[in-house]
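Asker: Residue strings, one per chain:
Number of protein chains: 6
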Amino acid sequence: MAQKPAKRLPPSPPPRAGEGREAAPSSRKTKGAARDDDRVITALELPVTGLTPAMQAYFDKCAEKLGFIPNVLKAYAFDMPKLEAFVAMYNDLMLAPAGLSKLEREMIAVAVSSHNRCYYCLVAHGAAVRSLADDPVLGELMVMNYRAARLDRRQRALLDFAVKLTAEPWQIEEADRNALREAGFTDRDIWDIAAVAGFFNMSNRIASATDMRPNSAYHGQKRE
Amino acid sequence: MAQKPAKRLPPSPPPRAGEGREAAPSSRKTKGAARDDDRVITALELPVTGLTPAMQAYFDKCAEKLGFIPNVLKAYAFDMPKLEAFVAMYNDLMLAPAGLSKLEREMIAVAVSSHNRCYYCLVAHGAAVRSLADDPVLGELMVMNYRAARLDRRQRALLDFAVKLTAEPWQIEEADRNALREAGFTDRDIWDIAAVAGFFNMSNRIASATDMRPNSAYHGQKRE
Amino acid sequence: MAQKPAKRLPPSPPPRAGEGREAAPSSRKTKGAARDDDRVITALELPVTGLTPAMQAYFDKCAEKLGFIPNVLKAYAFDMPKLEAFVAMYNDLMLAPAGLSKLEREMIAVAVSSHNRCYYCLVAHGAAVRSLADDPVLGELMVMNYRAARLDRRQRALLDFAVKLTAEPWQIEEADRNALREAGFTDRDIWDIAAVAGFFNMSNRIASATDMRPNSAYHGQKRE
Amino acid sequence: MAQKPAKRLPPSPPPRAGEGREAAPSSRKTKGAARDDDRVITALELPVTGLTPAMQAYFDKCAEKLGFIPNVLKAYAFDMPKLEAFVAMYNDLMLAPAGLSKLEREMIAVAVSSHNRCYYCLVAHGAAVRSLADDPVLGELMVMNYRAARLDRRQRALLDFAVKLTAEPWQIEEADRNALREAGFTDRDIWDIAAVAGFFNMSNRIASATDMRPNSAYHGQKRE
Amino acid sequence: MAQKPAKRLPPSPPPRAGEGREAAPSSRKTKGAARDDDRVITALELPVTGLTPAMQAYFDKCAEKLGFIPNVLKAYAFDMPKLEAFVAMYNDLMLAPAGLSKLEREMIAVAVSSHNRCYYCLVAHGAAVRSLADDPVLGELMVMNYRAARLDRRQRALLDFAVKLTAEPWQIEEADRNALREAGFTDRDIWDIAAVAGFFNMSNRIASATDMRPNSAYHGQKRE
Amino acid sequence: MAQKPAKRLPPSPPPRAGEGREAAPSSRKTKGAARDDDRVITALELPVTGLTPAMQAYFDKCAEKLGFIPNVLKAYAFDMPKLEAFVAMYNDLMLAPAGLSKLEREMIAVAVSSHNRCYYCLVAHGAAVRSLADDPVLGELMVMNYRAARLDRRQRALLDFAVKLTAEPWQIEEADRNALREAGFTDRDIWDIAAVAGFFNMSNRIASATDMRPNSAYHGQKRE
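Protein chains in written order, with this note's numbering: chain A, 1 to 224; chain B, 1 to 224; chain C, 1 to 224; chain D, 1 to 224; chain E, 1 to 224; chain F, 1 to 224.
A hint or two may mislead.
One copy or any two copies: either way a pair holds, since identical chains are not told apart in the list.
To be verified - Keeping only pairs whose Cα atoms sit at most 30 angstroms apart, straight-line, the calculated DSS-like set for lysine-lysine is:
#1 Lys65 / Lys102
#2 Lys61 / Lys102
#3 Lys65 / Lys82
#4 Lys222 / Lys102
Hints listed in this document are in silico derivations from the structure and should not be mistaken for laboratory results.
With the sequences and hints as input, model every part of the structure.
Answerer: Dropping the structure here:
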């Protein structure tokens, strides 16, 4: 429980995978608690490798659209098959057409990450909820305690299922699925809810296991 | 676990204690999830009463200094002895000269409130950490998971004690006090750490029990 | 988890705040496990200070009425503003006229302290339940497991709310408040239940953090 | 979580097993929360049966030595093989010569029952600790939080093992056994500690499952 | 949390109680993780003693009927009164005529042992469920998560009660007993359910405290 | 907590995705608790779709190599992008060359699934541990309680990290990573451990959310 060890970085750290792909982080405001978060992305020293053309194109698209490469992608970029599998699964779950809106999928992401107290995912996906909802406070509610939000029945059922599945997966039974059906979800939606909640239970653990740091740019996004 | 009931408010709600003391909330931006938070402060219908001169002066000072009256004060304002006792204890603990800095006291407040997932206190005191530290990200770290912050040994020991005392008070023993002493805290500091952590364990529960809503103004404070 | 360290007391300990205010503890029976509890009140070495006239009068009144000064007051007596704020809040919550009887407030105190396994509060407030109820066994039931007591619906709802608020404050919702309303409590009563439960969640933690010892006189009170 | 149901007893209840064996309970003071505890021993309606001569002799010996038959024995008396097996195991564990003193065995009983919040066992064995230790406060400490007691290293190790074994038996490993060995216990003592802790984990559950009530006489025993 | 210590066994270990009663374990297949489980039964070095004639007869009967002596009996065989009390209670609970079938009693044993993650009892009683049900999969379901089994209402109510009594005995109330009554159980059955669940809460803890190893023969029993 | 509802299946259920790819399940022994597990794979009614050529080839390879298509693949086969992303991630994590052996990866899978009490994954991956280790008992130990296994330091550190990451991901810190490094793991291995543990935290939840049933063929695999 002692303080964090001094980072085991050499005086002049070697570049990490994909690191040079965006404008130098020193040009952004990264003082204070986030000061190293755009430079030292995880607590692990992983090998440097080149991006495949497909992944290079994906990183370029991120940089163009977001202004930066999400650190989770840079963290995975030490190994192309892992990066590609992660990107394929993420994009299918969070961006493909589905019965759940993109906002609902991000609300699951944040409520699950709140249960697991995952710093990376709360920062990155909290910003996504703020933006998709055009409501800074909804993002805060998902981070802090979704039960305090004024949700309609559908969204409350969604998050109750996702958080119970996170906390006590062994207790999920037909009655829980029926509560979703009664709130208007189809069996296909139930799969998607389970898959998104499951995915963030995976990602939360990879982020916590590696002390993954969120890009500093997320913090200020959509605060008003 | 059903959705929130429609608020039991009459079409034209009566003023609540102290409510008229600041600029009309409708002049602020309170759309979205926080839209009623400056108007319907708790889930309880409590009697209206007048402020004592001392409390009126205190409210005036808050309005002048902060631009608004913190909702917790308005919530307590149905009963002057309760309000005065709360204000006296709060001001002594959080503002009086002590071995702990004001920032350290607010860090305890937020780390304890994070364990208890208290929406009101996380919003109000998260803003205080952001401001006192002049570091928006430190506030987020206290809200999300203080263990992910790069703290020095003193602050880490402080929060480890406060959060263990919150989670499992029956497990605190001499070894825990000695860990604080070894991190440089005096016995008087230990009392203060316990008192601040204890105070927010109280406040978190009063806020959760009454569904207390934070002033919408907190959300945007010190975000850069 | 090792044994308690030998107390860090010099051979001839300096007087602590307010310590000389009552008859010498050596005149009472304090052998066995409580043998030092009237003399070494906490594990902290705190400064000695004089009582304000108001607090001196209050201590005198305690000594006259109870035959002793409750150790929690002596523990707080190193700092007058803290003592005064504690006394003001305690007296308002536990003794002022309210919709809850004094016994009901003490039952909350003990059920909350039982969840938190707080030795000081269980001893002191267990004695209060025994006395106010004129029923030694009711005090034992509150200490051991309130669910085993034959309570009427009102008292059971009271304690179920207070203990849930203690154990999982983040789970309290409108349904919990409605359960109190259906058992006959007003919204004002709900505030008071929350405030008393909250207060003992604070006090339990201050007592546990400081290893506060109850006056030995409590143990034998109202045993038949 | 509603109030206790009205007892399902006919106006004139039939005698239960062994019930007539002692002086009429109405001659004792059983007002208040314990008022029915000498008459309605469990929430179950079990058949009445006669005692075997051996068990009759045992009950007679209890009545002579204690002044009453412990309710747990009366509860088991609906079936002689069950009563006999329980008595044989109890007497071997708690009364036979062993490396653990009788007081230490009773301290385990109460610390385990405190973790499990078992009303019957806390009352009956709390009284035993008070008596065997000739120290009313030690009994209260075992009931409330054994960690607050000033125990020597041996007794602390004993209770730490017993309570960990109660709370998380799957976590017990060689290191835990070695902690007992280092505190001076033999392997044979370790068996006995496990067996006593295990026995009360059984008895706590039988008592809680049947709402077993302790004899009212225990409450006042050895209070000074 | 380090690895298991090298067993503290002398090069040529002395015989343990009852050890020579069956065919030499080396004649069975005990390679791999179970390789020592028929020879080193617990982590404790306990005295060797002779069996009483009654216990010798019982061991002989086990050897004849099962082909081996269950290790729990050998573990208890260092002390005849303990062995006899254990055998008497076990045989009464698990084998005597009762409202619960033998399979139902074994299902309780395994579901309780699964909650407590007790290796010995899961192996030995998992084999019993497989055999009594003539269904290898039912045994796996009891070991892994009884909630995933397709149980009828009676068996589900049985296991829900037994597992709640295991996990949170302090929460068992009349409503829980009524759920059993509504599923068709008599008050006498409720006693038996509590007694079997209680017994395995005891045995799980004795086995975990001593690192008791199951006979290797159980693993292959009734796998098809 | 009531019994399982009668399956909502029409008298003549439509074929599900990929279902016809193997020998008719009725030709296998699927009586008892697993009787429907090869036919009704989840509690959800999901659309039927055709396999892409790549997935068809993969299913054919499974059928040839294993003798059946694992039910998790059939469950995912309602949507090709989801199936392909799952297969890509699974094969990379569990089968690609890495610093962890395949057995070690399966041991993580089962220890994580044991914490989460996931029936599907315990059955399928328990069989994998039995086979890869050529040791039926090691599989049982991973299912029941990995702490009871005689593991070397490397494997114990591996599972301690994976299970802590499963139970309390917010508590993982540099000290936990260092424990892995001291047991001989590289930073790249730490990523892989986190990724495998994370993957099964996802899969456990998808399986529990959908009541996914394991192929009956797993139960008998490698039992001797």
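Asker: Hint by hint, which ones does this structure get wrong, listed from lowest number up?
Answerer: none
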